[in-house]
Every structure is written in structure tokens, then in C-alpha cells.
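K.L.:
Residue strings, one per chain:
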Amino acid sequence: MGLKQNLHKLKLKYEGKKMAPAFNALHTFLYSPNETTHSGSHIRAVDDLKRTMNTVILALVPCLLFGIFNAGYQHYLATGEIEAAAGFFSTNFWNWDNFAMGAWTVLPLVVVSYGVGLLVEFIFAVIKGHEVEEGYLVTGMLVPLIVPIDIPLWMLAVAVVFGVVIGKEVFGGTGMNILNPALTIRAFLFFAYPTWMSGDKVWVHQAVERAGTPDAISGETILGSYAQNATVDYDYMDMFLGFIPGSVGETSKLLIIFGALFLIFTKIGSWRIILSTLVGALVMGLIFNGVVDAGWIDNTSKFYGLMSVPFWQHLIIGSILFGAVYMATDPVTASQTNKGKYIYGFLIGFISIMIRVFNPAYPEGGFLAILLMNVFAPTIDHYVVQGNVKRRMKRLKVKTA
Amino acid sequence: MALLSKKDQRLILDPLADDNPITIQVLGICSALAITAQLKASIVMSISVIFVLGVGNVVISLMRNIIPSKIRIIVQLIVVATLVIVVDQVLKAYAYELSKELSVFVGLIITNCIIMGRFEAFALGNGPWKSFLDGIGNALGYGVILIIVGFFRELLGSGTLLGIPVLGDPIEKTGLYSIGYENNGFMLLSPMALIVVGLIIWVQRSRNKALIEEN
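In the order they appear, the protein sequences are chains A and B. Reading the first sequence from the start, the letters are residues 29 to 429 in our numbering. Reading the second sequence from the start, the letters are residues 36 to 250 in our numbering.
Isolated chain B, as found in the complex (with noise of 0.2 Å):
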């Protein structure tokens, strides 16, 4: 990528690995554990937090020397909740079915903890091309771990994958189902996201011992 410089591809790159905002930083775990039981949530949810995350980090790295800093957090709630109405209306208007589906959720993307942290930690520091990489880095992190994490729900919960079934019929008892395979119901609960993503932080600080902290 001779489009960016070394350091700019740091940006993108290391939140999607060593510097995870899920894995890592465990922030925005509460959506991570609630939308997953499908990948068709999971991949929209994290399309719209890329929104959400890119622009408004170039939003307030714009701001970020005329804006009073005992108001700042207002005005980031401001900016977030702007960008989460327009994601918001978009899938009303676009993907009903799915917007009933993720519900509060999109909402509730204002409250993520990953949107603050990168407006505090890194947008008000630094100039809008880099804000951009960096909220664009950040969400990616995000929705791989999503993506990842609503893969296994949805194949080991309800044996579809995007709503295709993908281990044959479990009533007509094809494929799979015919030697006595059954969907786990367990994966279909939020308990089951949080084991996922504790399995993924594991894998991750087995391979790179790096990331264990000290107590």
C-alpha cells in the first residue's frame, strides 16, 4: 500500500489485531454479546459502526480546537447521536426487517464504549486523515470480532449461515441432521457470545504472549 505511509497503516491495521478494541481493550462488548446470533446483524451492525466511527472521528478531529473542553462530551454525544439517527433511518427505510431485528441495538451504538474512547483518545489529538484511519482501523477491529463471533453462533445455533441452511434441513433431517446432529441452543444465548469471545481472546494471547497482562 504505497497509499499510506508505514504509520497510517499501523492505524488500520493494529486494532484489527494485537491493539482489538474487543479483544484488548474490551470495550463495546455489551452489542458484541447481543447481536450476534446472526451474521447478517452482526455484518450490518458492524458496517454501521464503521460509519458511525469514521466519520465522526473526522467530524470532531475537525472540531477539535474550538471545541470548549469542559463541553466536549456533549458535544461528542452531539455528533455520534446526528450520524446513529441518519444509520437509524437508512436500514428503516432500506432493510426494515433487519432494523426490527437489531432493534434498540442501533441505538444503543451511541453508547459504545469504542466510539467514545477513540473521540477522546485519539480524534481530539490528531488531524482528520489520521482520525479517519484510526475510527475506520477501530471498527474493523470490531466487526472482525463480530463477524467471527455471529459465524459460529449462527452455524452451531441454527445450522444457517445468513439465513441459508447450510447443514441441511433439521426437520426433513437432511445432510447433517440425518445421523442425528441437532443445533445448539446454546449458542443462540448471550452467555454462549461472551465464552466465544473469551475463546478468541484466549487463541489470541496463546499465540501472542505479548498481550498477557501482569496482574
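Chain A extracted, bound-state conformation (with noise of 0.2 Å):
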């Protein structure tokens, strides 16, 4: 009989009552139920809310296993105990003390996540009486990824709560949520505590314990760098295959490039919203080189570091790539027409890169142009399909006339 019997007896004895939905919950996410219907003819799906989660999640493995080996990299760089990596498969990259310090450091981001956001589903579950739902299976996952890797624990976790209730719960739980709760949680980390989540020392592990001492290290963002007006020190490989510093899951580029394809191979993540956020990017960083190229600003303005960046850079540094794959094609949160879905995703990668020239404060925009854009997606979606009413009208007209 084994566990999934006892589970189906515990959820037996726990119906009706108060903690029902929990023990559901933990007996449907392992296997599936029990009950099925038997009369009448239906359709079978097997791509539900879990498997769709699953997929994401699976296709965020690699980035996380890359941001533990580069969390480690990055620290024992910075300290001077390990050479700089040449060559992807570099044994100075992808050796055990990298990974044990790596680990030591981002495991414990992945725990809280997860932990506390699943027990404030949990909890809301059992007060409203309905299913625990997934929603922040991936949620869980993409939030260790996009934050920096000394943020200390409980402002991870206060973060957490603040974006599951706020970004999805009072919005009615999952598929109600207006906002992408992993977005709301950055952003909230942003503003609440911005010494932790900004600046040249929050990027590479023990930066901050050792400032002004000795021993100091600092790991400055390339972004951060450029909006300085200073120069970088890494080259394009560095930065595509992402031995840089940044957010945990955000820096290589050719992992989250593995994980588009099978995204979009599983036709789970929509190619039209990563390719116009993409071109949108690209655009936007065109209209900047093309003003400096035209004489308007010189190496004076403030602006001109980042403005100045090759168009195409743009997309290698910061985490524009990571956004436009893994958060903009929420399904939830994004524009639901396939019109709708491209200009959706232009104006993320034109705002993204605006904010990022024009606010020196926020050098990486993504995050506040992918909420902006999820306020805006149902106006979107909401003018296309009456553009269509209107062109059908139009027709109907001509052929009744």
C-alpha cells in the first residue's frame, strides 16, 4: 500500500475539517489523487498547473547550480586564492571549494524561500478553506536567484511574506495576482533595504563583513561600473558565460539560453514575449548609441557610461536576459493575445533599458519595467481584442451591406 495509501487515509480522516486543505495538498503534489471520475467522456490533460511549475523549475537548475559554483568563484577571486577562469569548463570554475562555499551560502537563501512562502500558503489555505495551490513552486525557485548573496535571512524572509500576501494573496491566490510575486519580493528587498541590495559590496560573499579592513574585497557590477562612468575588466566571454558578479542565478548568459529553448521547446515560456523584449532592448540601446554617436553628450554627462555601452551589450550584462526568459513569460502576469504579447514584451526591454541609462540609482531597470508592464498587460490585451471586435464589426458590415 505504501505512502501514498497512508496519505489518502490521513486526507480521509482530515476532510471537513480546518487543516484538510494542507494534507490534500501534500498528497496531490506527490501523486496523483485517488479519486477520478468514471462516467461521461473528458480530456485528459496532463500539463497542469504542476507539471507546467515543474518545467520552469527544472529549466532554473542550471542557473542555480551555476550561481552556487559562482558564488564560491567570485569570493575566492576576490580574496586572491584562485586565478580567474579561462574557458567555460575551467577547473578554477567548477571545483568542490567553490561549490562547498557556494552552497554554504546559497542553499540556505533556497530554504528560507521556500520555507517561508510555503507556509504562508499554508496558512492561507487553511483560514479560506481551499487547495494549497503551486504558484509558488517557481516563485520559490526564481527568488534565491535574483537576490544578491549576502542579503542576510530574515530580510528574505520578511520579504517573502510581504510578496505572497501583498503580490498574490489579497489579489484572491494564484492566476489572480496582478503583480509577479518573485518581482514584488526584489523590489520590496529594493526599497526596504537598498545598503543590501545595491552598491559595489553585496555582490561577492564576506564583502561586507570585510569592508575597511585589510582584506577588503569588492566585487562592483558591471552595470554598476559603467553607470560610474568607470571602466570594466571583463571581457564579453566573461560576461556571457557569466563568471561575473551579480545576483545568484542572473549571470550566465548561456545557461539561461539553455533555458529558453527548452522553455520554449516545451512550449511552456511564449518565444514572442522573449523575443520583443529582446528587440525592444536592442532598440532602445540603438536610439542611445545613436545620440552619442551623434555628438548630443559627451563623456562629461553622467549618462554617458551606460549610454555608450554596444547595443548589443546590453544584453550580456545585468540581468535583462534572465527577466526577459524567466519572469516577463509568466503566464499569469503577462499579456494574454499574441498582439498583446509583443508589445508587452517591447516596452519591457525599452523601459528596462531606459531606466537603466537614465537612473543611475537603478542600474538594473528590469525588475521595475517587467511590474510596470504587469500593471499594464490587461489594458494591453484589453485594447487588442477591441481592435479586433472593431475589424470583425468592419467585415460584417461590408458583407451584410
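A hint or two may mislead.
To be verified - Simulated pairs of lysine-lysine, DSSO-like, Cα-Cα distance not exceeding 30 Å:
no., chain 1, residue 1, chain 2, residue 2
1, B, K41, B, K105
2, A, K156, B, K244
3, A, K425, A, K367
4, A, K45, B, K244
5, A, K330, A, K422
6, A, K78, A, K330
No lab work stands behind these hints: they were computed from the structure. All values derive from a computational prediction rather than experimental measurement.
Fit the two chains together into the complex; they arrive one by one in their own frames, and the hints show the way.
P.N.:
As C-alpha cells, then:
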């Protein structure tokens, strides 16, 4: 009989009681339920919410693993204990020391994110008497990937509570939320504890504790350096492969592209959104390059550093790619219509780069742009649908006239 | 309270909870968001509104039969403006620092929807005593929310209450700060005030289901 039957018995025992949703969730998370309908014809599809969520998590795993190695690598590189990695398979990067150090710092983030988030979900399910929703599975994985490595765990916990409650539960739970919960969490952290979310100290493990001592290490992100018109000493290959400081999971563009291909292949992520986001970012980058080339601003301007970045390079610095692939494509908060998806994605890319360039305090504009477009997604859909209705009405009139 | 009849009591007590101007009627939100980053400012603002609304309601109620209805809004504005100028001058004379902090928001009491709302809805149709109670009641309801929001925003945002540090010293790292606690900068921004007001509305409506509107 085994675990499945025991879980089923537990479920029956608590049926109709307060804690029922909790046991129910546990059961259906591990197995498919015992009750199936017997009569009538049904179309049964296996790509339910759980399958969808798990696919996204699978696509995130390479980023998480890379993030773990990178956390250790950046730390040891900054302290001078190892040489810079050469090539993607360099043993300076893929070694046990890096993994151990990275796992020690990254895994607690994952545990806190899932623990606190699922606890909030369970509490709400029990109070409201509905089933526990799977919505947090992806959010819980995204959150550790988009925060700096050294963020204090209690701050993460507070932010997760805020994000799940204000970002999702008040709107009615999974599927009803207007804002992407993971980005709500990041936005909360960003505005509440800015010293832990930006600057040149938070991106490398232990950089904060060592500040001001002879062992001080620094790890400015590339965007941060550009925003201060400073030179950047990483080459394009490092940026593409991800051997750079940054939030935990967003550095390796190579693995994000693999994740994107996987999501597109499984039809979970919308290629329309990903493509149009990247196009939007490139267009904005080209406009800024044009401004620099036309000589409208020179290197005394505080925007010069970021404006003069070659337009294609915007895609491999910062987290625009990560946002485009994993955040913008969230089916709940994105536009639903195909035409709407192009508009929605294009504006995300466009606005991301605009914020990045024009506000040196927010070099990472991607998350703000996505949150903004989340709010506008229903409006875009509305006009797309209305436009469609109007066109068909016209056609109808011509026919009947 | 034998002093007040049952009906009069309701005039004062209703706006405090189930007919609150901010959380139920959703009026006067602007100032509730703008000045509640500090508890002290919230309290002063509440007292100012209590004064303006209490006195204003009585004045309008006394004049209610002689105000031509076509120009009643202008008359109401003049009454509020006069009272607000009095408050503003008193603040400037006796609490200059605070009046600078509240800046234009004292002047903006004139445009506070609660005040015009009570003039229109109550003072124009009721006697002075009742109008006075209604004004005080609604201003108190406004003040209660302001003080609750101000309390949480100052405590969590700056770690102080009325300017006195209660959680320890963030620079010397004493008290709560010694174990890694940090102030929440988001609390000091206006959007968080909106969220706090939203949470109060949430709590209030889930305790009293009758308040939930049908859409």
C-alpha cells in the first residue's frame, strides 16, 4: 500500500476539517489523487499547473547550480586564492571549494524562500479553506536567484511574506495576481534595504564584513561600473558565460539561453515575449548609441557610461535576459493575446534599458520595467481584443451591406 | 455617557470604526499617505483636522439657513480657509519646526475631502450641536487611522516613536540593531502608507463582513 495509501487515509481522516487543505496538498503534490470520475467523456491533459511549474523549475536548475559555483568562485577570486577562469570548463571555476562555499551561502536562501513562502501559502489555504496552490513553487526558486548572495536571511523572510501576501494572496491567490510575486519580493527588498541590494559590496560573499579592513574585497557589478563611468575589466566572454559578480542566478547568459530554449521547446514560455523583450532592449540601446554617435552628449555627462555601451552588449550585462526568459513570460501576469505579447515584451525591453541608463541609482531597471508592464498587461489585452472586435464588425457590415 | 443621547453617541463613535472616513468612505487619503512617515506629524495633523472640522461644522450649521445654495461651496471654502489659516499661523508661532515638516499639507486641509464632505452631507442639514459631534467624530476617525499608520511607519521605518529611538541605536548597533536588525526604508515611502492603509481596510472588513461592498 505504501505512502500513497497512507496519505490518502490521512486525507480522508481530515476531510471537512480545518487542516484538510494542508493534507490534500501534500497528497496531490506527490501522487495523483485516488478519486477519478467514472462516467462521461473527459479530455485529460497532463500539463496541469504542477507540470507547468515543474518544467520552469527544471529550466532554472542549471542557473541555480551555476549560481552556487559562481558564489564560491567570486569570493575566492576576490580574495586572490584562485586564478580567473579561462573558458567555460575551467577547473578554476568547477571545483569543490567553490561548490562548498557557494552551497553554504546559496542553499539557505533557497530553504528560507521555500520555507517561508509555503508556510504563508499553507496558512492562507487553511484560513480560506481552499486547496494549497502550486503558485509558489516557481516563485520560491526564482527568489534566491535574483537576490545578492549576502542578503540577510531575515530580510529575505520578511520580503517573502510581503511578496506572497501583498503580491498574491490579497488579489485572490495563484492565477489572480497582477504583479509577479518574485519581482514584488525583489522590489520590496530593493526599496526597504537598499544598502543590501545595490552598491559594490553585496555581490561577493563576505565583502560587507571585510569592508574597511586590510582584507577588503570589492565586487562592483558591470552595470554599477558603467553607471559611474568607470572602466570594466571583464571581457565579453566572461559576461556571456557568467563569470561575473551579480545576483545569484542571473550571471550566466549561456545557461539562461539553454533554459529559454527548453521553455520554448516545451511550450511553457512564450517565445513571442522573450523575442520582443530582446528586440525592445536592442532598439533602446540603438537609440542611445545613436545619441552618443550624433555627439549630443559627451563623456562629461553622467549618462555617457551606460549610453555608450554597444547596444548588443546590454543583453549580456545585468539581468535583462534572465528577466525576459523567466519573469516576463509568467503566464499569469503577462499579456494573454499574441499581439499583446509582442507589445508587452517590447515595452519591457525598451523601458528596462531606459531605466538602466537614465537612473544611475537603479542600474538594474529590468525588474521595475517588468512590474510596470505587469500592471499594463490587462490594458494592452483589452485594446487588442477591442481592436479585433472592431475589425470583425467592419467586415460584417461590408458583407451584410 | 449620560451627557450624550444614544443617537449623539453614534455620531461620535460610528466614524471611529464602521463608518470610518478613510477606510470605509476612502476620503482624505492624500494627506494620510503624505505626512504619516512620522507619528508626531500624524498627531498634529489629526488635531488640526479635529479643530477645523469641529468648528467648521458648527459655523456652517449655524449659517445653513442663510447660505444661498448656488454659492454654498464658495461659502464653505471660505470657512475652511479661514480656519486653516488660523491653524497654520498657530503652528508657525508655536511649533515652527513641525510646521515646516508638514509644509503645504496644513494648507491642503482645505482640500481634504472629508471636510467638504461633512459640510455637504451633514452640517447643511443638522443643528449646530449635532454637527459639532459629527465633525469631531469624523475627524477622530481620520486621526485614528493617521496615528495607526504613523505609528507603524515611524517604528518600522526609522526605529523611533515621536522622535525617541525605541529599538536601539542604528549607528552604535545597540538594542535590536546589535543582532542585525535594520530599518525598513520602504516604510518611509508613500506607497507603503497606501499598503498599510490597505492592510487596515483588509483587517477591518474581514472582521466585519457587513462592510464588504457588492460589486
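K.L.:
Could you grab the alpha-carbon distance between K45 (chain A) and K244 (chain B) and see if it respects the 30 Å cut-off?
P.N.:
Since the Cα atoms of K45 (chain A) and K244 (chain B) sit roughly 23 Å apart, the hinted pair holds (cutoff 30 Å).
K.L.:
Could you grab the alpha-carbon distance between K78 (chain A) and K330 (chain A) and see if it respects the 30 Å cut-off?
P.N.:
violated, 47 Å
K.L.:
Given the hint that K425 (chain A) pairs with K367 (chain A), does the C-alpha gap stay at or below 30 Å?
P.N.:
Holds, at roughly 24 Å.
K.L.:
Between K330 (chain A) and K422 (chain A), is the straight-line Cα distance small enough, at 30 Å or below?
P.N.:
Since the Cα atoms of K330 (chain A) and K422 (chain A) sit roughly 51 Å apart, the hinted pair is violated (cutoff 30 Å).
K.L.:
For K41 (chain B) and K105 (chain B), compute the direct alpha-carbon distance and say whether it is at most 30 Å.
P.N.:
violated, 35 Å
K.L.:
Is the Cα-Cα distance between K156 (chain A) and K244 (chain B) 30 Å or less?
P.N.:
holds, 14 Å
Hint check: violations occur at hints 1, 5, 6; the rest are consistent with the structure.
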